[in-house]
Every structure is written in C-alpha cells, then in structure tokens.
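Enquirer: Single-letter residue listing:
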Amino acid sequence: MTIALLILHGLVAIALLGAITHQFIAAVRRSPARGTAFIDRYKGVNPRVFANAVVVLYLAAFVLGAVIYPSYRLNVRVAFEQMALGAAVGGFELKEHFAGLGVALLPLYLWLWRPERDDSHGRDRLAITGILAFIVWFDLLVGHVLNNLRGLP
Amino acid sequence: MKPRFSPTAFMAAYCIAYSVALALDLPLFIYYPLGGDFVWGPHPAQGLGPGMAWYGIMADALIAAVVAALVVPQGWIDRLLRHWAWVIPVVAMLVSIWFMRGFFA
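Respectively, the protein sequence lines represent chains A and B. The letter at position 105 of the first sequence is residue 105 when you use our numbering, and the numbering goes up by one with no holes. The letter at position 103 of the second sequence is residue 103 when you use our numbering, and the numbering goes up by one with no holes.
By construction, these hints were calculated from the structure, which means they are not laboratory data. Being a predicted model, the structure only gives us computed values, none of them experimental. Keep in mind that the hints are not guaranteed to be accurate.
Partner residues are not named here, just some residues of chain B that face chain A (Cβ under 10 angstroms, in silico) [to be verified]:
#	residue
1	A12
2	Y14
3	C15
4	L62
5	V72
6	Q74
7	V87
8	S96
9	G102
Covered by chain A, per the in silico footprint, the following chain B stretches (three or more residues, Cβ under 8 angstroms) [unchecked claim]:
#	stretch
10	27-35
11	39-46
12	49-58
13	76-85
14	89-95
Every residue gets a Cβ at the ideal spot worked out from N, C-alpha and C, and that includes glycine.
Use the sequences and the hints to build the structure in full.
Expert: Spelled out as structure tokens, the structure:
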C-alpha cells in the first residue's frame, strides 16, 4: 500500500512540476509568442488556466506525502542515520519544510492569479509562482534522489 | 455575511509561526508513528520510538494563519506588503536551511 501511495505521490508531483513550470515560463514571457517552434508554443499558453490545477495537484501531492511520511521516518531515515548519511536526512528535512511552507502560499497564489490583479500585482504574482515552482522542483529532485538511495519497503 | 479572508495575512502569519515553532522547537504535538501515538506539547516522550514534530509545527502555523487571515484586513496588509510579500516565505525557507545546517556539516 505504501509503495502504491509513493508511486501516486511521484506521479502527482510530476504533473504538478509540468503545470507550474509551464505556467511560470508562460508568465515570464514579455510578449505573445508568434512562432511555430516548440518553445514559442510552450510559452504561448494563457498561464491563468494552470492556477486551480496547480493548487489541487499541490494539495494532493502534499497530503500523499504526509500520509507516507511515517513510513520514511521508521524505515528510511533510521537507515540513513545508521549509514551516516546526514546530507540525505537533511535533504529530506528541507524537503518537508519547504513543502509545508508552500501550503502557506496557495491562497495568495490563487488570489494573485485572478484577472483583476493583472495590472496591479504582476511582480508579486511572478515571485510567488516562482517560489512555488522552486519548491516543487527541489522537492521532486530531492525525493527522487533519496528514493534512489533507499526506497520505502 | 461572508467572512473575510486575507490570503496575504494567511501567508505571512503561517511563515512566521512556522519559523518560530521550528526555531524554538515548539510543535503543538508530536506524532510517534511506531505505535500511532499523539503526544501534546513539544516535549519528547520516552519509549514511544522516533517522534515526528513536523505535523505539530504545521498545526501551529495553520492556527496562527487562519486567525490572522480572519482578523487582518486584506486591503491593509496588501498595501503594506505589495511587491515585497515574497520576502516572507523566502526568509522562512532560509530559516529552515539555517536550522537544518547541522545535517550537512
């Protein structure tokens, strides 16, 4: 059961990574994309359409992570400590703290992506979206590396 | 009447409460996964196996955030923090890094 939840956690995280990266890059672009190249089309989407999906995916990944966290604490972290892999333990600690802090950003993130905030809060919107994107990338990469070091039983 | 909710106050209070709870080691409760026990307060219990404070720190932060979001007017805090609200979560993340630095020594 834990393995199934871990796989689901990873799949949701990958979907979240795709959504928020796409949104962030589209939001950063300064002018509408006109070309037909892949990167122009990638940037050419309306970034607002990702906001609700990002929140739902973030919360889903967060809850799944919180559910399987005790299994990590009992079966993986203890092994890391026995192997003196302090950086692995620390990496997971940062992952959990960043994920927890990301929850704080979600209501503001949604508020900032409302159409009426287009002109007044562009900088805040970009910054908060960028921080969330950083958290998602960091957490997915750290989780992937740690799972390679020692997976859940 | 629809209750007002300030997303900026929620974010700010959550990040500050989270950082304070982490810095002072003050989780609302500690979860012991070996037996599925919850123990109120920040003091580790003996004989229950490894404890997990993260859920308790999250609970601290959520309580502070919900109260602040319901009390602080969004218009006021938005004017106060406009263009700079992002600094608060960045500082909270740096606080986390600082308190986890011992793992990387």
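Enquirer: Look at each hint and say if it fits the structure.
Expert: These are the hints, each one checked on the structure:
Taking 10 angstroms as the C-beta cut-off, the interface hint given for B:A12 holds, the closest approach to chain A being about 8 angstroms. Hint status for B:Y14: holds, given a least beta-carbon distance of 4 angstroms to chain A, under 10 angstroms. Restraint check, B:C15 versus chain A: the minimum CB separation of about 5 angstroms is within 10 angstroms; hint holds. At a threshold of 10 angstroms, the smallest CB-CB gap from B:L62 to chain A is about 8 angstroms, leaving the interface hint in force.
A least Cβ separation of about 13 angstroms between B:V72 and chain A goes past the 10 angstroms threshold, and the interface hint is therefore violated. At its closest, the beta carbon of B:Q74 sits 8 angstroms from a beta carbon of chain A; the interface hint therefore holds under the 10 angstroms criterion. Here the hint on B:V87 is kept, as its CB sits about 9 angstroms from the closest CB of chain A, short of 10 angstroms. The interface hint given for B:S96 holds, since its Cβ lies 4 angstroms from the closest Cβ of chain A, which is under the 10 angstroms cut-off.
Taking 10 angstroms as the C-beta cut-off, the interface hint given for B:G102 holds, the closest approach to chain A being about 8 angstroms. For a cut-off of 8 angstroms, the count of residues in the stretch 27-35 of chain B with a CB near a CB of chain A stands at 3, and the three-residue condition holds. Counting residues of the stretch 39-46 of chain B whose beta carbon lies closer than 8 angstroms to any beta carbon of chain A gives 0, which falls short of the minimum of three for the stated coverage. Counting residues of the stretch 49-58 of chain B whose beta carbon lies closer than 8 angstroms to any beta carbon of chain A gives 7, which meets the minimum of three for the stated coverage.
With 3 residues bearing a CB less than 8 angstroms from a CB of chain A, the stretch 76-85 of chain B meets the requirement of three and the coverage assertion stands. Counting residues of the stretch 89-95 of chain B whose beta carbon lies closer than 8 angstroms to any beta carbon of chain A gives 4, which meets the minimum of three for the stated coverage.
The earlier numbered hints that this structure contradicts are 5 and 11.
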